[in-house]
Amino acid sequence: MFKYFLKKRLREKQFVFWSMIFPLALMTFMHIAFGNIYDIENHIDPMKTCVVTEDTGVFVYNFQSLMDEMSDENGDNYYFDLDYAASVEPAKKSLEDGEYEILFEVKADDIKVFLAPGHSATSAYMAKAVCDSYMRNYDLIMEAYEKDPGSAQAVLDNTLEEVSYTKPAQSAFSEDPDPYSWFFYSTLVMGIFFNSMSGVAIVSELCADVSADAMRLSVSSAKKSRMIISSFLSKFSISFVIVLIQLLFMRYVMDISLGNSIPKLLLFVASSILFSLGFGVICGTIFKGSTDNRGNKTTSVVMISVFLSGEMIQQLPGVFEKYAPFINDINPATVMNMAFYKLAICGDYTGFYMDIAKILVTTLIFIAIGVFVLRREKYASL
Amino acid sequence: MSDVIKVEGLVKRYKELIALDHLDLKVKQGEIYGLLGPNGSGKTTAINCILSLLEYDKGSITIFGKDMTPKSYDIKKDIGIVPQDLALYDSLTVYENIDFFCGLYIKDPAKRKEYVKEAIDFVSIGDFAKFKPKKLSGGLKRRLNIACGIAHKPKLIFFDEPTVAVDPQSRNKILEGIVELRNSGATIVYTSHYMEEVEQICDYVVVLDKGHKIAEGTIDELKNMIKKSEIITIEAAGVDEDTITYIREMKNIYNVEYEKDLLKVEAGSGKHNVIDIINILQDRGYKMKKIFSEQPTLNDVFLELTGKNLRDE
Chain B
27 MFKYFLKKRL REKQFVFWSM IFPLALMTFM HIAFGNIYDI ENHIDPMKTC
77 VVTEDTGVFV YNFQSLMDEM SDENGDNYYF DLDYAASVEP AKKSLEDGEY
127 EILFEVKADD IKVFLAPGHS ATSAYMAKAV CDSYMRNYDL IMEAYEKDPG
177 SAQAVLDNTL EEVSYTKPAQ SAFSEDPDPY SWFFYSTLVM GIFFNSMSGV
227 AIVSELCADV SADAMRLSVS SAKKSRMIIS SFLSKFSISF VIVLIQLLFM
277 RYVMDISLGN SIPKLLLFVA SSILFSLGFG VICGTIFKGS TDNRGNKTTS
327 VVMISVFLSG EMIQQLPGVF EKYAPFINDI NPATVMNMAF YKLAICGDYT
377 GFYMDIAKIL VTTLIFIAIG VFVLRREKYA SL
Chain E
17 MSDVIKVEGL VKRYKELIAL DHLDLKVKQG EIYGLLGPNG SGKTTAINCI
67 LSLLEYDKGS ITIFGKDMTP KSYDIKKDIG IVPQDLALYD SLTVYENIDF
117 FCGLYIKDPA KRKEYVKEAI DFVSIGDFAK FKPKKLSGGL KRRLNIACGI
167 AHKPKLIFFD EPTVAVDPQS RNKILEGIVE LRNSGATIVY TSHYMEEVEQ
217 ICDYVVVLDK GHKIAEGTID ELKNMIKKSE IITIEAAGVD EDTITYIREM
267 KNIYNVEYEK DLLKVEAGSG KHNVIDIINI LQDRGYKMKK IFSEQPTLND
317 VFLELTGKNL RDE
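Protein chains in written order, with our numbering: chain B, 27 to 408; chain E, 17 to 329.
Note that these hints are calculated values from the structure, not bench results.
Note that beta-carbon positions come from the ideal geometry of N, C-alpha and C, so glycine has one too.
Watch out, some of these pointers could steer you wrong.
Unchecked claim - List time: in silico EDC-like cross-link candidates among lysine to aspartate or glutamate, alpha-carbon distance up to 20 Å: (1) B:LYS314 / E:ASP101; (2) B:LYS404 / E:ASP83; (3) B:LYS249 / E:ASP19.
As the list claims (entries may be wrong) - Selected chain E positions facing chain B (in silico; Cβ < 7 Å): (4) ASP83; (5) PRO86; (6) TYR89; (7) LYS92; (8) ASP101; (9) PHE116.
Said to hold, decoys possible - Distance windows between CB atoms, simulated: (10) B:GLY315 / E:SER153: 42 to 52 Å; (11) B:SER251 / E:ASP124: 17 to 27 Å; (12) B:LYS39 / E:ASP101: 21 to 31 Å.
Kindly generate the complete structure, drawing on both the sequences and the hints.
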């Protein structure tokens with residue numbers, strides 16, 4: 027029985043497409059389109075920049091130090107090809123002539139930024155990022171100098187990191203999570219969540235009021251419990267292998283981080299698949315009509331859940347967290363995404379276990395209801 | 017012959033609708049038991065109750081002398097079902113479909129292999145064993161549906177409208193197969209709204225209408241229940257109203273119709289009905305071209321008992 031349940035599922039083109047090929051295709055597309063985004067960011071041509079320091083003082087000195095760090099040809103943050111000038115007017119003239127892209131006029135406690143006519147978006151972004159970050163961290167730098175001059179460099183390094191926009195956000199609920207990784211995790215979760223269709227298939231395979239095949243099974247002398255276990259295990263096994271293939275693809279083809287713990291990763295995969303199957307069984311039971319009808323309605327629910335989890339707009343979960351956090355709490359796709367993100371990027375294992383616990387408790391409830399429904403052997407109507 | 021199925025006082029309600037109203041059935045071993053009735057008469061509901069798939073409100077059901085419940089696995093192992101809707105898996109081949117359903121009953125792989133082969137031969141679909149159901153014609157799908165229901169060699173088989181949407185060739189093949197199964201010792205419960213099929217193969221027939229049993233018996237017994245025993249049709253041009261009235265008033269004649277040169281007479285049992293009518297027409301100088309006499313069909317039985325045709329529903 028298990029063998030044929032397995033064969034049957036593997037040969038269903040729609041299932042194979044949605045749970046395996048579609049996510050892989052999306053990942054590949056994303057990788058081709060944006061896979062080298064970090065390389066591009068890391069190879070920004072140094073921008074011709076002039077720093078005018080008519081005043082003196084710690085504020086000016088520290089800014090010069092920061093700019094020196096960012097104009098070191100051998101450093102990791104070589105963004106500026108830097109000149110210093112003593113007065114602003116000649117520098118402005120050079121800016122207008124196109125000799126410089128950015129001009130920083132550093133006063134005793136303020137910085138003014140001037141950009142060349144026809145400046146690029148990158149130069150505008152970098153100028154603003156440097157300015158904002160320095161202004162934000164200045165007090166910290168000052169405090170560090172007063173208390174422990176040796177730690178001032180660390181604060182300065184932090185400022186440099188803030189300027190770099192290649193660093194992934196540490197909080198998955200940030201309004202600006204690392205969009206590249208988030209997309210892949212979200213796509214993987216979408217693939218896992220599509221296993222709800224397998225849950226619907228379990229209902230249509232075993233409930234005599236849904237399909238003629240199930241009616242034939244119900245009349246047979248094979249025990250319902252055996253059928254449920256066979257059907258459930260076959261779907262789980264196939265899904266588990268498919269997700270493992272996707273993870274290997276992500277790790278070794280796409281070079282996406284999956285975290286450092288394989289057992290935790292497997293725990294995530296197993297619990298997410300179980301959840302999806304249970305979710306499918308519940309949907310298959312609640313929705314009425316033909317098997318296709320139940321499947322289509324379930325797909326719609328899954329798609330909405332995946333959309334709200336930020337598959338297309340990565341900032342959505344962050345926005346919900348701010349204004350309506352319960353949406354994230356009850357959206358299965360977000361909970362699964364969060365668990366994966368915390369495992370793979372943030373290393374927040376406490377948060378990861380919390381999310382897994384949430385998934386498993388819900389799964390237990392779903393499976394308990396599912397078994398109750400599936401074990402039913404007499405129907406009010408057929 | 018012992019009763020294979022015994023149903024007593026079976027009542028099934030769907031809210032206000034009474035689908036089965038105190039239905040009693042007795043199916044004897046080795047017979048083809050026909051459940052005849054229009055769509056919605058309760059045939060399939062009766063089968064689903066007997067198979068313990070449907071909850072029912074009242075009554076008792078025994079199969080092979082034991083109470084039938086959803087957990088009666090010892091009874092179920094000897095039952096086969098060919099449902100009205102095709103119960104097949106599109107992603108499995110013909111062979112795999114039969115093997116899967118046979119495997120629900122037969123654990124021994126060697127025995128199962130033999131049974132599957134026999135079932136394939138029985139419905140003559142050996143050439144399509146590696147095909148998936150999608151590639152089969154409607155008739156072949158129906159045959160596969162049958163093979164899946166009988167492969168484990170059940171003693172009691174339910175056929176629920178197995179010939180719906182089937183071409184005449186496949187229909188004959190299916191009907192022959194059912195008779196062959198009966199001849200090999202199986203008991204068959206056969207539902208249909210095609211009276212010709214029921215007449216052709218059933219040993220005993222129960223006529224259902226709106227959940228009620230309106231008649232039962234062998235085909236001959238059912239036909240004897242109604243007044244008319246013969247329908248005489250004579251092609252004769254220009255028969256006048258006086259002659260028609262004369263025939264209508266004859267003994268044993270229930271109804272006379274004359275349309276487009278065809279005189280149709282419904283007569284009761286009598287040895288000389290045809291001769292008597294021919295003599296009248298000859299005496300009055302009418303030339304007759306075609307003359308034929310038909311026995312009443314089950315539809316006539318149904319019509320007389322309910323006032324409507326079987327196919328009208």
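Hints and how they fare:
1. Proposed proximity of LYS314 of chain B and ASP101 of chain E is supported: the alpha carbons are some 18 Å apart, at most 20 Å.
2. For a cut-off of 20 Å, the pair hint linking LYS404 of chain B to ASP83 of chain E stands: about 15 Å separates their Cα positions.
3. Between LYS249 of chain B and ASP19 of chain E the CA atoms are separated by roughly 27 Å; this puts the pair beyond 20 Å, and the hint is violated.
4. Interface restraint check: ASP83 of chain E against chain B, minimum CB-CB distance 14 Å, threshold 7 Å, status violated.
5. Proximity of PRO86 of chain E to chain B holds as hinted, the smallest CB-CB distance being about 3 Å (cut-off 7 Å).
6. With its C-beta approaching chain B no nearer than about 5 Å, TYR89 of chain E sits inside the 7 Å limit, and its interface hint holds.
7. For LYS92 of chain E, the interface hint holds, since its Cβ comes within 7 Å of a Cβ in chain B; the closest pair sits about 4 Å apart.
8. Checking ASP101 of chain E against chain B by beta carbon gives a least distance of about 4 Å; that is within 7 Å, so the hint holds.
9. The closest approach between the C-beta of PHE116 of chain E and any C-beta of chain B is roughly 4 Å, which is under the 7 Å cut-off, so the hint is satisfied.
10. The hinted range of 42 to 52 Å is not satisfied by GLY315 of chain B and SER153 of chain E, whose Cβ atoms lie roughly 28 Å apart.
11. Between SER251 of chain B and ASP124 of chain E the CB atoms are about 22 Å apart, so this pair conforms to the stated range of 17 to 27 Å.
12. At about 22 Å, the beta-carbon gap between LYS39 of chain B and ASP101 of chain E stays in the expected band of 21 to 31 Å.
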